[in-house]
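Colleague: Here the protein sequences come in this chain order: A and B.
64 is the number of the first residue of the first sequence in my numbering; add one for each residue after it.
59 is the number of the first residue of the second sequence in my numbering; add one for each residue after it.
These are computed hints drawn from the structure, not numbers from a lab.
Predicted, not measured: the structure shown is a model, and the values here were computed from it.
Heads up, the beta-carbon is just placed ideally off N, CA and C, and yes, glycines get one too.
You may find that some hints are simply not true.
Unchecked claim - Which stretches of chain A does chain B cover? Using the computed rule of at least three CB atoms under 8 angstroms from a CB of chain B, they are:
id: 1; segment: 216 to 228
id: 2; segment: 556 to 565
Stated by the list, open to error - On the chain A side, residues computed to face chain B include the following (Cβ under 7 angstroms):
id: 3; residue: Lys-176
id: 4; residue: Val-199
id: 5; residue: Thr-200
id: 6; residue: Val-247
id: 7; residue: Val-248
id: 8; residue: Thr-259
id: 9; residue: Val-278
id: 10; residue: Leu-297
id: 11; residue: Gly-300
id: 12; residue: Pro-304
id: 13; residue: Leu-550
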Amino acid sequence: MSKSKETPAAKANAPEPSYLTAKSGLMSWLVTVDHKRIGLMYLAATLFFFLVAGLLAIALRTELYTPTQDFMSAATYNKVFTLHGAIMVFLFIIPSVPAALGNFILPLMLGAKDVAFPKLNLLSFYIYCIAAVMLVTTLFLGSLDTGWTFYTPYSKSTGTAVIMATMGAFVAGFSSILTGVNFVVTVHKMRAPGMTWNRMPLMIWAIYATALIQVMATPVLAITLFLLIIERTLNIGIFDPALGGDPVLYQHFFWFYSHPAVYIMILPGFGIISELVTVHSRKHIFGYRAIALSSVAIAVISFIVWGHHMFVSGQSELAGIVFSFLTFAVAVPTAIKVFSWVATLYGGSIRFNTPMWYALVFLWTFTVGGLTGVYLGTLSVDVHLHDTYFVVAHFHYVMVGGTVVAFIGGLFHWWPKMFGRMFNETAGKISALLVFIGFNTTFMTQFFLGHQGMPRRYYAYLPEYEVMHQVSTIGSWILMVGLFTVLGTLLHAIKYGAKAPSNPWGAVSLDWQTASPPIEHNFHDTIHVTGSPYDFPEIDKSGAHH
Amino acid sequence: MSSTSAHDDEERPWFLAHHFDTVGQQVSAAKLGMWLFCCTEVLMFSGLFLAYFIIRTLYPEMVLGASEELNKTAGGVNTIVLLTSSFTMALGVRAAQTNNQKALERNLLITIACAFIFMIVKYFEYTAKIEHGLLPGNWYAAAEHGYMLPKYSRVFFGVYFTMTGLHGVHVLVGIGVLSWIFIRARRREFNSENYVAVENAGLYWHIVDLVWIFLFPLLYLVK
Chain A
64 MSKSKETPAA KANAPEPSYL TAKSGLMSWL VTVDHKRIGL MYLAATLFFF
114 LVAGLLAIAL RTELYTPTQD FMSAATYNKV FTLHGAIMVF LFIIPSVPAA
164 LGNFILPLML GAKDVAFPKL NLLSFYIYCI AAVMLVTTLF LGSLDTGWTF
214 YTPYSKSTGT AVIMATMGAF VAGFSSILTG VNFVVTVHKM RAPGMTWNRM
264 PLMIWAIYAT ALIQVMATPV LAITLFLLII ERTLNIGIFD PALGGDPVLY
314 QHFFWFYSHP AVYIMILPGF GIISELVTVH SRKHIFGYRA IALSSVAIAV
364 ISFIVWGHHM FVSGQSELAG IVFSFLTFAV AVPTAIKVFS WVATLYGGSI
414 RFNTPMWYAL VFLWTFTVGG LTGVYLGTLS VDVHLHDTYF VVAHFHYVMV
464 GGTVVAFIGG LFHWWPKMFG RMFNETAGKI SALLVFIGFN TTFMTQFFLG
514 HQGMPRRYYA YLPEYEVMHQ VSTIGSWILM VGLFTVLGTL LHAIKYGAKA
564 PSNPWGAVSL DWQTASPPIE HNFHDTIHVT GSPYDFPEID KSGAHH
Chain B
59 MSSTSAHDDE ERPWFLAHHF DTVGQQVSAA KLGMWLFCCT EVLMFSGLFL
109 AYFIIRTLYP EMVLGASEEL NKTAGGVNTI VLLTSSFTMA LGVRAAQTNN
159 QKALERNLLI TIACAFIFMI VKYFEYTAKI EHGLLPGNWY AAAEHGYMLP
209 KYSRVFFGVY FTMTGLHGVH VLVGIGVLSW IFIRARRREF NSENYVAVEN
259 AGLYWHIVDL VWIFLFPLLY LVK
């Protein structure tokens, strides 16, 4: 993607070169310890894998246009959806917001020169690259057809490249852990003087909660995949019932990580939305402390709900009831956030620009995703909906309608800061509209499909589902056009965009108090923080109603 | 990358990285980072301990019988060796704090030596198991060597080799880390102002010790 070449001519009046121009040459990127450059490298890598896995998804949807086989065999279809899931989860969504945007934004927002461990940061990027190579290598080793969850005992008996794929996920986990450790320490130790916990932007609270989950959950994934690799190579008999093992134990292990992991994926999105909603409505965030602490509450509760993935896997009824109840509990802090965002918008001077459009899209799609999660958390309802398209639709409403939409909104919001260029508003809004229409057409339909009994993971289906599948497929094409519009708009901005001022949105948080793009060490002098990041100058503090 | 920033007003010690304001900030960041890393280690091993307890709950008699084949003496010796090394490690950190260069180097050496002893004992233990076919999974061949062990005993040896093997890898990494610290100590890099690297290496070593403290009774002293 973008490299350091876009040096604008109008840099003459800048006293110090930006981080993009301070050093040049390929090596200055490959061995950089600057969090901003590492963030951009992550961004390029994650967007690349988003493209790859997205095209796989389009291939899946296109195959499903007719009820019969078109251009993929059943085995190919299994491999393609597995790869779509594994790449999207491990190489795109998990590192997208924290490692790409978060790396860039976190030290800037804290008023720090860098993250706490800059070399570790670079190391974690290269570990991510190794993981990416390993996961892509599975393509040449017979691919993978287990689904991204690697469930035993099938993952033990299938002839596909389970070991390479699980090793890839295992290595990606280390990258995630190192980033998490780095960010937790950075938030604790690198805050500018005067930045108390209650003066941190909510984006930081979200990244902090995410990093906590990364640190606490990912080691369990590591050991799970380690055991799976050993089980497959040595037949030690931990997961394989034929050897005396317990296959449900694998599911417990896996979801103990992977349920918190979906919060690794969504929490940073919450952080972005908190910023977008408040900056672009010129109003102090409603319920600052509630939003901040609800991020931490979600992080805590996320560790005790994993059993809702196993309602029909043979766990005890009592466990099912307890997990069902705990699952409902997650809805409380989540709802606190949604209500607070809506309350922030209420009476605000809303700017309908592209970041705000994405924030509004998020409020709609994420709320649908969250509420359908409550359906699935309901024990009796889940028995009916389990393993149907309803689950697929719910998951995508949260991950795409939530995280990806927030991520894109965040990209538009911080693009002027990252590259010093403004994007084309009209193109940005068109992309938001296309994403909204395409996304809802694709996945709203799948709720109905799932409710009527269409099971997930089939390449062919009964004729009565044909119309809805076709609607969904057409929606996915619209979504694809929307996402390419996003890419085009952002790339166009780097090359041809108008020069961005240091603070185009009139934000108060520290990331906007330095040049666009920032200088190499972020700030000329140590910044002293004296108030909330949401005290906009327009706010009327007299208490009068508008 | 260290201390090349243009606007250095006051004198910065050579070991203070460019992005920190004070030594105190750098030290507390390094310590917090290490503690978090230790948490991830404990969590990772906790997965294995959970697997152990599940297997033990499923087949209590099998674990009881198979565990009798482990060498309690070797395990006990290794426990003492590791506890001793943890003690000398703590003495080493103390020596760094008090600028006692000689004691620092001596204690680091003893710690490394203990780690080697641990691995040597482990080598003999593993060799004996391999000779008697007490191996995980496919290589389990106890019956051929005349053992009358309960059904599914191979699962126990799978767990045994996985847990002690992963722990052994940590000991090897510890040898590497401590040797690196020893070389830096020889270069006189540490003093009462700058010893956080010694302390962090010590934290890592204590975690390795701690894991063994739980592994030993759970695997060797079941009865």
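Colleague: Against this structure, judge whether each hint is valid.
Modeller: How the hints compare with the structure:
{"no.": "1", "hint": "216 to 228", "in the structure": "violated (count 0)"}
{"no.": "2", "hint": "556 to 565", "in the structure": "violated (count 0)"}
{"no.": "3", "hint": "Lys-176", "in the structure": "holds, 4 angstroms"}
{"no.": "4", "hint": "Val-199", "in the structure": "violated, 26 angstroms"}
{"no.": "5", "hint": "Thr-200", "in the structure": "violated, 24 angstroms"}
{"no.": "6", "hint": "Val-247", "in the structure": "holds, 6 angstroms"}
{"no.": "7", "hint": "Val-248", "in the structure": "holds, 5 angstroms"}
{"no.": "8", "hint": "Thr-259", "in the structure": "violated, 16 angstroms"}
{"no.": "9", "hint": "Val-278", "in the structure": "holds, 6 angstroms"}
{"no.": "10", "hint": "Leu-297", "in the structure": "holds, 4 angstroms"}
{"no.": "11", "hint": "Gly-300", "in the structure": "holds, 4 angstroms"}
{"no.": "12", "hint": "Pro-304", "in the structure": "violated, 11 angstroms"}
{"no.": "13", "hint": "Leu-550", "in the structure": "violated, 33 angstroms"}
Consistency note: the structure conflicts with the earlier hints numbered 1, 2, 4, 5, 8, 12, 13.
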